[in-house]
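Chain residues, written in single-letter form:
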Amino acid sequence: MARLFATRPFVIRRFAARAFAPRQFAARRLVPFALVLLFLAWTSNAHAAQKPVDADCLACHGDATMTDGASHSIAVDGQKFSQSTHGSLECTSCHADIKTYPHPDKIAPVDCKTCHADQASSVSGSVHASASDHPCTSCHGVAHYIFPKDDPRSNVYPLNVPKTCGTCHGSPDLAKKHGLPNVYPLYMDSIHGFALSKEGLLVAANCQSCHGSHNILSRTNPQSMTYKSNIPKTCGTCHAKIEADYEQGVHGKAVAGGNLNAPVCSDCHTAHAILQPTESAFRMQSTPICGNCHKDKFSTYRDTFHSQLGSLGGYVETARCWDCHGAHDVRPASDPASPVNKANLVATCGRCHAGANLSFVQYQPHANARDRKLSPGLYYVRLFMNLLLASTLTFFLIHTILWLIRSRYSQVKNKSANGGKNA
Amino acid sequence: MARLFATRPFVIRRFAARAFAPRQFAARRLVPFALVLLFLAWTSNAHAAQKPVDADCLACHGDATMTDGASHSIAVDGQKFSQSTHGSLECTSCHADIKTYPHPDKIAPVDCKTCHADQASSVSGSVHASASDHPCTSCHGVAHYIFPKDDPRSNVYPLNVPKTCGTCHGSPDLAKKHGLPNVYPLYMDSIHGFALSKEGLLVAANCQSCHGSHNILSRTNPQSMTYKSNIPKTCGTCHAKIEADYEQGVHGKAVAGGNLNAPVCSDCHTAHAILQPTESAFRMQSTPICGNCHKDKFSTYRDTFHSQLGSLGGYVETARCWDCHGAHDVRPASDPASPVNKANLVATCGRCHAGANLSFVQYQPHANARDRKLSPGLYYVRLFMNLLLASTLTFFLIHTILWLIRSRYSQVKNKSANGGKNA
Amino acid sequence: MPDPQRTEPITEAAAPAPGASRYFVRFTREQRYMHAVLFTTFLGLAATGLPMRFSESFWARKFAAGVGGFGAILFFHKLCAVVLSIAFLIHVKEVFQRGLLRREKGIFWGPTSMVGNWKDVKDLLGHMRWFLGLGAKPQFERYAYWEKFDYWAVFWGMIVIGFSGYAMWFAPFFAHFLPGWALNAVLVIHSDEGLLAILFIFSIHFVNTHLRPDTFPMDMVIFTGVESEEEFQHKRPLEYQRMMKEGKTESRLGIAPPLWLLNFSKVVGTIAVFIGLTLLVLTLTAYFH
Amino acid sequence: MPDPQRTEPITEAAAPAPGASRYFVRFTREQRYMHAVLFTTFLGLAATGLPMRFSESFWARKFAAGVGGFGAILFFHKLCAVVLSIAFLIHVKEVFQRGLLRREKGIFWGPTSMVGNWKDVKDLLGHMRWFLGLGAKPQFERYAYWEKFDYWAVFWGMIVIGFSGYAMWFAPFFAHFLPGWALNAVLVIHSDEGLLAILFIFSIHFVNTHLRPDTFPMDMVIFTGVESEEEFQHKRPLEYQRMMKEGKTESRLGIAPPLWLLNFSKVVGTIAVFIGLTLLVLTLTAYFH
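Going down the list, the sequences are from chains A, B, C and D.
If you're matching positions, the first sequence starts at 1 in our numbering and goes up one per residue.
If you're matching positions, the second sequence starts at 1 in our numbering and goes up one per residue.
If you're matching positions, the third sequence starts at 1 in our numbering and goes up one per residue.
If you're matching positions, the fourth sequence starts at 1 in our numbering and goes up one per residue.
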């Protein structure tokens with residue numbers, strides 16, 4: 001249907017041709033009735049006599065079995081149409097080239113742009129610019145039954161948007177063809193997708209909350225809502241306080257300063273498969289994400305009991321990066337507002353460790369036992385322990401192997417003369 | 001300041017009086033300068049000469065220390081005012097009775113209704129009708145610095161609404177005085193309050209999402225958004241799918257049919273202290289809520305292992321009411337769409353019990369071991385077990401007590417002749 | 001961590017000192033070990049079962065939080081259950097082998113059997129008469145009627161609690177054989193029989209065998225296995241006479257319990273009684289709450 | 001659940017049959033019980049400690065999920081630690097009492113002491129020479145050098161692992177006495193020393209004392225406490241000679257280990273070795289992953 005409207009003219013069979021189509025028998029019987037209606041319209045509305053009214057059109061197109069020459073349905077449900085957002089318009093408002101009845105075989109495709117010029121211009125600048133691949137109806141649904149976006153019957157009603165976009169973007173083939181990730185299933189399992197599809201939360205972010213609707217641009221385009229440096233503002237549309245926090249932190253300042261290596265929202269939360277941050281899975285997944293950039297900090301974190309216990313899976317409460325450093329307004333430790341500023345350490349550690357005191361917070365959560373200069377005590381302790389472990393095991397391993405060989409040798413030589421069964 | 005604007009005329013000290021106030025020395029020095037300005041305004045704008053312009057007003061009111069006869073500040077920060085939503089207006093647009101300069105001692109209070117007639121009429125029909133107790137400024141903030149509601153500086157910016165309403169409704173005294181519950185802390189700890197205040201989520205429900213803004217009505221008023229039978233629609237503003245589900249269920253149908261004893265959203269989720277339903281605390285709290293009405297089902301549920309293990313606290317996954325019956329579209333078991341319909345039981349039980357089969361689902365999750373007719377087998381098993389328990393314990397308790405007494409008697413009589421230390 | 005060598009004589013090999021009383025064996029080592037496995041796992045099962053049964057009590061939630069959640073409780077309960085089941089099967093296998101295959105005498109019938117007989121009924125009635133001062137104290141054989149009751153109560157309890165427990169654990173499997181209402185009944189059975197066992201063991205059994213004046217504070221015989229001649233004669237006169245008459249005295253002679261065993265038994269027994277009484281108090285408070 | 005009476009003679013009191021070899025006591029009951037407590041809690045500590053140390057391995061996560069989460073692991077680890085600490089303190093108290101207060105001989109010095117001496121060095125070197133076929137096998141006294149090493153390794157390990165463990169458990173308290181970096185060091189110490197103990201016990205100790213050809217598959221002496229005269233003479237010639245010379249033979253005489261004890265020891269020992277080797281394999285795979 002969508003392709004029909006936007007890319008090819010209607011080719012309606014002529015009456016003569018239709019007379020031979022047995023399936024259209026019902027429509028044929030309506031012809032005399034339609035002529036009566038036409039006459040009535042003419043007498044009551046003499047100055048518009050030449051232009052057919054809706055009833056005239058429905059006289060033929062109201063037949064649910066009506067098809068064009070290519071066997072595509074050209075039927076219109078008048079009842080449903082009248083409830084749609086365009087229900088108050090007349091057929092000829094859109095099919096403006098039909099001036100007479102009966103109308104010519106070939107009529108012009110309806111051009112939505114006639115009324116919706118702004119939207120059409122947005123689309124023509126977007127990734128969906130190709131009108132033949134992306135007619136308006138591909139998102140807004142069947143042309144005669146378009147509903148306003150706050151109507152649950154609309155294809156662009158918030159709760160229906162993912163399904164609508166998913167018609168194309170849920171297909172792995174399309175994703176492959178355009179080199180896009182297959183994001184539809186990721187979104188559906190995310191906190192946004194779950195809130196939207198399972199809970200039906202109207203305010204939950206759907207595709208167009210982040211990508212826009214008519215003006216969707218590639219994320220490589222600096223004007224795009226999903227261009228890296230625009231992402232905080234895009235997410236901030238809903239997550240206002242988090243955006244404000246983020247902008248105060250080192251990451252936000254770096255991005256604002258043009259450093260596109262610094263992380264934005266989607267780097268930690270992912271773009272589509274966004275999890276509830278209190279969930280076990282998020283806590284397990286996100287620490288390595290920080291580690292992608294902060295390699296040394298991650299490696300030293302992994303040496304700690306925080307990490308060791310935390311890696312056990314399930315819901316483990318031990319501290320992850322953001323539990324100490326803050327999540328969005330990550331600040332340097334020198335900043336008095338940072339939770340890891342010396343003045344705040346007792347409070348920060350004390351959130352988990354009851355009784356944390358000034359000596360307790362001397363603990364180094366990122367001590368590097370391999371760095372002699374930074375942590376000399378720890379370095380030598382580790383060195384000693386490793387040497388102890390290696391030397392003890394090496395010595396006794398050799399000792400044991402020699403012993404084994406020699407014992408066996410003696411045993412075989414003496415034919416088990418010594419040593420009882422339970423020796 | 002709020003009271004000042006709405007309830008009493010300005011009483012400005014006359015120049016003569018001001019000359020004796022040393023604190024207003026700065027303002028006094030501005031007088032010649034203001035006169036010059038006035039003259040310039042008069043020469044350049046002759047036809048409006050009588051009406052003072054903003055600069056004239058600020059000549060005096062721009063002094064931050066200026067007060068009225070009752071020592072209330074009547075200073076205006078012109079800079080901040082010009083950024084406010086009314087910044088494009090002139091002082092005399094609102095203070096319309098001021099025609100001349102200097103203006104009279106007593107001037108009329110500004111009436112917001114002049115422009116905002118709809119809102120004023122809404123308020124006058126609401127619980128906040130009393131204009132002296134609830135001037136517009138009590139919610140919209142200082143009169144000269146009102147910002148549009150999407151401006152973070154506005155008192156009615158979504159993230160600021162709870163704090164604004166909390167100014168009055170966060171006080172236990174006010175709650176007590178009006179016989180209202182002290183809901184502010186409950187809201188702030190709820191999932192809505194948390195999302196709004198901790199995460200700064202703009203779309204999270206704030207006070208006015210559920211109560212309205214100008215037209216707040218008592219929940220006993222059938223027109224109120226919080227009137228019991230309107231609550232599903234109110235919550236459905238965001239939770240659209242849940243509302244649709246609810247309307248399909250027995251509870252929704254009962255409420256729609258006028259039975260106000262049936263539960264609406266707030267009966268299970270509470271009105272303000274709404275928890276995340278996957279949270280352990282909600283799972284612990286909500287089963288007894290169902291039990292408030294379904295007393296027999298709750299009592300028989302409590303006899304099951306589901307309940308026994310589930311009551312241990314922490315996150316226990318055993319089935320609660322809605323895990324089997326559905327949460328919002330609770331349907332009678334006879335409905336084929338109900339998860340507890342016979343045809344669906346294997347699937348429903350199988351969600352937790354791997355390997356659930358047709359015989360497994362013969363298990364009665366609400367068997368009543370006290371009901372001989374409904375569960376005869378179980379009834380007699382329980383009877384037998386209880387009799388066994390009671391008779392065994394009773395018999396041996398008597399036996400043991402008698403033995404104890406007799407042994408002690410013998411022991412004392414025989415002066416411990418028999419029985420060694422470790423006998 | 002072997003200790004530096006001790007120079008004291010080895011108690012096990014010591015002959016009884018002259019003048020000291022002779023000791024007779026009442027319980028074999030296997031029996032004592034079985035009792036040890038039984039009471040250890042029973043304490044474990046009770047300590048994990050009660051929090052599940054009375055999960056709404058504050059101590060159940062504290063306990064669950066303390067040991068790392070309901071999963072840990074359930075895991076430990078099942079672990080103890082499996083160990084106890086294995087011990088029970090070993091016992092049944094042994095009774096079967098000795099009684100039916102090897103046709104040992106005294107397993108199923110006669111004065112040394114655990115099976116109840118007419119004398120037990122008479123002993124019970126006679127004992128009751130004695131309680132009320134209406135007759136002399138009955139003379140007990142090897143196993144007194146309350147000991148037989150203890151044994152069969154545990155035997156029956158094991159089958160009943162065990163079967164119902166496994167039926168809950170593997171409900172989808174058991175559902176193939178059991179009717180629907182039986183799946184409901186197993187919880188009632190498991191929890192009532194378990195409660196009975198707990199209440200019985202931690203009150204009646206403790207008092208009868210350990211805390212009554214004759215044995216206070218604890219009857220060590222299940223730990224040491226032996227009883228002095230006087231005690232034996234006083235408590236089981238019939239068995240003592242029978243032993244003398246049959247000339248089996250020599251074969252029943254044991255050694256005096258070494259001090260370490262008495263001390264060890266006291267410590268273990270006291271801990272068990274203490275845990276048991278604590279659980280009893282918690283159960284009763286939860287039950288009558 | 002007492003068993004029907006057995007009619008076999010009581011093994012404990014039995015005199016050695018004529019012609020059978022004599023048995024001598026090497027470990028007292030206290031020492032064997034201490035070893036039992038030690039290896040039980042050690043297995044528990046290793047089984048719960050390793051999943052925490054190698055928490056990123058798949059088996060650690062499986063294990064945590066199986067026993068009800070990390071809380072259960074941590075709880076059980078602390079429980080075993082407390083039991084082992086108590087056992088250790090009892091041992092230290094006893095050594096202190098016997099060596100310092102009662103001034104028993106042979107605790108700190110001499111051939112029966114656990115304290116290393118010049119002979120141990122010579123024995124070690126001689127043993128090595130023997131390994132290489134360069135000399136005769138040294139004659140060992142009561143405790144051979146590798147046994148002394150085992151003892152002191154555990155003794156030292158106990159102090160080091162125990163102290164560092166409690167320092168982590170009660171970090172805010174220990175922070176009063178320890179410098180900041182020590183709070184970091186305790187984890188390194190705890191986990192390295194624990195790993196050393198696990199690797200050592202589950203490979204070297206198992207092989208040295210149980211799996212080498214002379215003792216394969218298991219040296220039962222730590223379970224039974226006694227060794228036959230021939231074995232004793234062969235393995236500890238010096239001690240045997242000293243015992244004969246000092247005329248202490250009588251006081252060291254033990255009884256032949258009863259069959260039940262041998263069977264019981266085999267079962268327990270096999271389970272322990274099996275668990276230990278499993279943990280060893282898991283540790284090595286995780287370490288070299």
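Everything labelled a hint here was simulated from the structure, so no lab data went into it.
Take these hints with a grain of salt, some might be off.
[Said to hold, decoys possible] Derived DSBU-like pairs: lysine-lysine, alpha-carbon spacing no greater than 30 Å straight-line:
hint, chain 1, residue 1, chain 2, residue 2
1, B, 413, A, 241
2, D, 266, C, 266
3, A, 149, B, 413
4, B, 413, A, 233
5, B, 413, C, 62
6, A, 198, B, 297
7, A, 198, B, 198
8, D, 62, A, 297
Quick rundown of the hints versus the structure:
1. B/413 with A/241: Violated, because 85 Å separates the two Cα atoms, which is more than 30 Å.
2. D/266 with C/266: 28 Å, holds
3. A/149 with B/413: 98 Å, violated
4. B/413 with A/233: Violated, because 94 Å separates the two Cα atoms, which is more than 30 Å.
5. B/413 with C/62: 48 Å, violated
6. A/198 with B/297: 27 Å, holds
7. A/198 with B/198: OK: residue 198 of chain A and residue 198 of chain B at ~24 Å, within 30 Å.
8. D/62 with A/297: Given that 30 Å is the threshold and the Cα spacing comes to 28 Å, the pair holds.
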